[in-house]
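Peer 1: Chains A and B, in that order, are what the protein sequence lines are.
Under this note's numbering, the very last position in the first sequence is 464; numbers go up by exactly one each time.
Under this note's numbering, the very last position in the second sequence is 491; numbers go up by exactly one each time.
Think of the hints as simulated: they come from the structure by calculation, not from any bench.
This one's a predicted model, so the numbers in the text were calculated from it and none came from an experiment.
Among these hints, one or two may not hold up.
[Unchecked claim] Under the rule of at most 35 angstroms between Cα atoms (straight-line distance), these lysine-lysine pairs were calculated in the DSBU-like manner:
#1 A:K(-9) to A:K204
#2 A:K123 to A:K455
#3 A:K221 to B:K189
#4 A:K218 to B:K72
#5 B:K377 to A:K307
#6 A:K123 to B:K370
#7 A:K252 to B:K370
#8 B:K389 to A:K307
#9 B:K378 to A:K276
#10 B:K377 to A:K221
#11 A:K276 to B:K281
#12 B:K398 to A:K252
#13 A:K276 to B:K72
#14 B:K72 to B:K398
#15 A:K378 to A:K164
#16 A:K218 to B:K378
#17 B:K370 to A:K276
#18 A:K123 to B:K378
#19 A:K252 to A:K221
#20 B:K72 to A:K221
#21 A:K123 to B:K72
#22 B:K189 to A:K252
#23 A:K378 to A:K123
#24 B:K378 to B:K189
#25 A:K252 to B:K389
#26 B:K377 to A:K123
#27 B:K281 to A:K307
#28 B:K389 to A:K221
#29 B:K377 to A:K252
#30 A:K307 to A:K221
#31 B:K389 to A:K218
#32 B:K281 to A:K252
#33 A:K123 to A:K160
#34 B:K334 to A:K221
#35 B:K398 to A:K276
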Amino acid sequence: MKIIILGAGQVGTSVAENLVSEANDITVVDTDPSRLTLLQDRLDLRSVAGNASSPSVLRQAGAEDADLLIAVTQSDQTNLCACRIAKSLFNLPTRIARVRSTDYVDHPELLDESNFAVDFSICPEQIVTDYIVKLIEFPEALQVLEFAEGQVSLVAVRAFEGGPLVGHPLKDIRKHIPQVDARIAAIFRRDTPVTPEGDTTIEAGDEVFCLAATKDIRKVMREMRRMDKPVKRIMIAGGGNIGHRVVRAVENDYQVKVIDRNKHHAQWLAENVRRALVLQGDATDEKLLDEENVDQMDFFLALTNDDENNIMAALLAKRMGARRVAALINRRAYADLVQGSQIDIAISPAQISIGTLLAHVRRGDVAAVHSLRRGAAEALELVVHGDEKSSQVVGRRIEQLPVIKGATIGAIVRRIGQKDRPAYAGNPDETPQYKVIMAHHDTVIQSGDHVIVFVVSKRLVPKVEKLFQVGVGFL
Amino acid sequence: MGGLLSVANVLGRLLTVFSLTYLLPIVCAAIYGDGTLSDFVYAMLICLGAGVILYAVTRRYYTELKARDGFLLVTLSWTLMAGIATVPLLLVYDAMSFTDAFFETMSGLTTTGATVMTGLDNAPPAINLWRHELNWLGGMGIIVLAVAILPLLGVGGMQLYKAEAPGPFKDAKLTARIADTAKALWIVYFALTMACVLALRIAGMNWLDAVCHAFSALSLGGFSTRDASVGAWDSPMIEGVLIVFMLLAGMNFATHFFAWHSRSLRAYLRDAEGKAFLTLVLGSCLGITAFLMWQGTYPDFWTALRHASFNLVSIATDCGYASVDFDKWPVFAPLWMLFLSCLAVSSGSTGGGIKMVRTLVLYKQSLREMKKLLHPNAVDPIKLGAVPVSNKIAFSVLGFIFLYFITIASSTFLLVIDGLDFISAFSAVIACINNMGPGLNVVGPAQNYQTLSDFQTWVLAWTMLIGRLEIISVVVIFTPAFWRK
């Protein structure tokens, strides 16, 4: 596939990294040639220096025969403009744009064919924010992912001494919580995947990925570790793009303090939050942290745009007594370094946010792609199409499928009732529109099912996609 | 000197236009045949003549007004208008002194509603209408009216508007052009007044009384055509109608404008100041009702609610009607009402006093001081609703409050020096600086200001003017810096 990526910033770079490995022709456009040189040295791709919203630059980048445009520059205006040009001048088939400002997002009609012609818009900051909010909601989890419009959740949790299931084989989970249908999708022991079988024993320190209906997630987590008190007090370092969104999302439900170093920005932040307390100062200043009772905090989040600062602030907060700390870390090397050390959670924004983007790029009908363990593993949500003749999976029991080592089918979400009715509305009395089926060896896959597949290594993704693809005979 | 003369020139034009306002009482006098027709015609000619002469003499000095001229013009025009408006009163009542007449017209124009006249029930209808018309004109402001209908004020219009418009956010315009803003405000004002006239007529007043009371209700003036004020009708219907319109007039007219403009009530939800005003006033109504029942003043709930609501809303909005002699209530109730009159109404309304927006800013400023003690690093802007208020405005509010209290204290001292008892003096000053009307004791709702000495009357007339123009606009003229070139 021929892909043009506009913008070689954090998002653009990680999109390029992910797509290069999947055998695509990639051209990256950026105004800064030095950034492009760096990128070109590292990855096998072409680069064009210039303004991404000018037709000549797009033509130079090969817009005339490209299949996909991914506009992820810093500027919403550039991204929107590039999509419009790609549509009008080059009739480029698929256009994805990063749109950050809620001003645009609030008017979806602006993005349709007759206006900016954006097929999919993504806002990485919002995705990261949602991810962080989930972590606050489930403070014991390392990662919480949702599938099938929130019906099914995949939660990563570190097993601790004292959890009822720790030290027991996996099959005991049925005895412990018989009313809950849960599945252990994967276990990572000292960073190595362990294939979960019925008699695999969970050890303290394991990173366990559990799949269950969203409402049962807490019960499953309780098996792995004793539960903490729910989060009440949160301190956030850095009120930038992500910090500000997180504050706005949680300030009504929690006591939030937010620290920002820049005086003017702190002022702006204070004017744009409702209840959170805005502090101006350095998050690595222990006097300030002490004065603001960091030891009383249930959650400390370091969300500035400086990795080192985030790590230091998080370490300091942990040392000073914050119950749980998380740091936003862009460099993957750092993230792998600190996760599970003093810092409880390392958040890599690029890995989190490109999942959504990749879902549009992948072949087959992929509804969601989530990076796990900062990109090492992936969880895919695939939509099954076709019939028994055209598809390799429809009408077959799971045990009949060819075995791909390292890939596990975790669950199947089956839509019931009329198709055009809105999905599950959150009312427990109403019959849910979706039915969650935990995958067992004899479960039969049907057309239209959403299948959640857990892959321990990214290299396996194309194999899985191929399995679920509809054969040529189906049109 | 040139500046002064060009101010005089604009004053001349204003007087000329102001003479048109005599047409209403002239028509009234003609219809009712109350014998005041000739007096009003003379008064109109005097006003017109004075205006034309002033204009003609200073014609060649006309230049664009500067910002500082605006303050002078506004203060002078209010004084001059009140002065010239005394002519019909002096012509009709031979025995009336200029002092009393000036107090009456100033009280009218500043929407105070304090009166030195008795026997209103039998006064000529044209005289009553004239008093109420002064209320109505003063409510939205004569300069705002002039800006709306006359192109004469040019670019300086904004300066004048700022000198007269109540509230700390003087740069806020509803429309791109200041003349359109002024027009929009007057249209909303006029429409609400018409609605009030109809409602009062339906509630049982005759047309003249309905027009008069609509004028004084929407302007929050509080003049009445009866000595016993609204109590003379003893009608819950009329009191109910007046409560509604007094509350509407106590809100920012810009909010009414936006609601009318967008045809939705959402503007009211966004108006943090209006919400605080309504919450405080309606909450106080219930509180005072409970208090009066507890004290046994009105053991019956509905009676207590009726009298407490009407008088409290009337005093808190700085209107100044009375339906009963609330001076006889246990002292907490009238004192609380006086307290509310200082701070309850919204900026951009026709009421007076500190205004709710300043109260909120001050309240939040004090919370901020306390927060600063606990969190020295906190960045904590003052916000009204979701809108941040700059420190500049917070400081100007502090300055305003200081001047407000200094004015109250000094005026009270002047009255006490002249021999008035403290309660009467203090409550009279509060009533006048807030443009509210009745005070307590000798100036209570059952009494009026007739008993005061000439000196006291002048002090209070002056206090009303300062209160109406929000102190700074007037006081600035008396600073030496103002006159320095």
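Peer 1: None of the hints should be skipped; say for each whether it holds.
Peer 2: Now for the hints, and whether the structure bears them out:
| no. | hint | in the structure |
| --- | --- | --- |
| 1 | A:K(-9) to A:K204 | violated (42 angstroms) |
| 2 | A:K123 to A:K455 | holds (32 angstroms) |
| 3 | A:K221 to B:K189 | violated (52 angstroms) |
| 4 | A:K218 to B:K72 | violated (66 angstroms) |
| 5 | B:K377 to A:K307 | holds (26 angstroms) |
| 6 | A:K123 to B:K370 | holds (34 angstroms) |
| 7 | A:K252 to B:K370 | holds (21 angstroms) |
| 8 | B:K389 to A:K307 | holds (34 angstroms) |
| 9 | B:K378 to A:K276 | holds (16 angstroms) |
| 10 | B:K377 to A:K221 | holds (20 angstroms) |
| 11 | A:K276 to B:K281 | violated (41 angstroms) |
| 12 | B:K398 to A:K252 | holds (18 angstroms) |
| 13 | A:K276 to B:K72 | violated (53 angstroms) |
| 14 | B:K72 to B:K398 | holds (23 angstroms) |
| 15 | A:K378 to A:K164 | violated (40 angstroms) |
| 16 | A:K218 to B:K378 | holds (30 angstroms) |
| 17 | B:K370 to A:K276 | holds (28 angstroms) |
| 18 | A:K123 to B:K378 | holds (32 angstroms) |
| 19 | A:K252 to A:K221 | holds (27 angstroms) |
| 20 | B:K72 to A:K221 | violated (58 angstroms) |
| 21 | A:K123 to B:K72 | violated (60 angstroms) |
| 22 | B:K189 to A:K252 | violated (42 angstroms) |
| 23 | A:K378 to A:K123 | violated (41 angstroms) |
| 24 | B:K378 to B:K189 | violated (44 angstroms) |
| 25 | A:K252 to B:K389 | holds (18 angstroms) |
| 26 | B:K377 to A:K123 | holds (31 angstroms) |
| 27 | B:K281 to A:K307 | violated (44 angstroms) |
| 28 | B:K389 to A:K221 | holds (25 angstroms) |
| 29 | B:K377 to A:K252 | holds (18 angstroms) |
| 30 | A:K307 to A:K221 | holds (17 angstroms) |
| 31 | B:K389 to A:K218 | holds (34 angstroms) |
| 32 | B:K281 to A:K252 | holds (32 angstroms) |
| 33 | A:K123 to A:K160 | holds (28 angstroms) |
| 34 | B:K334 to A:K221 | violated (53 angstroms) |
| 35 | B:K398 to A:K276 | holds (31 angstroms) |
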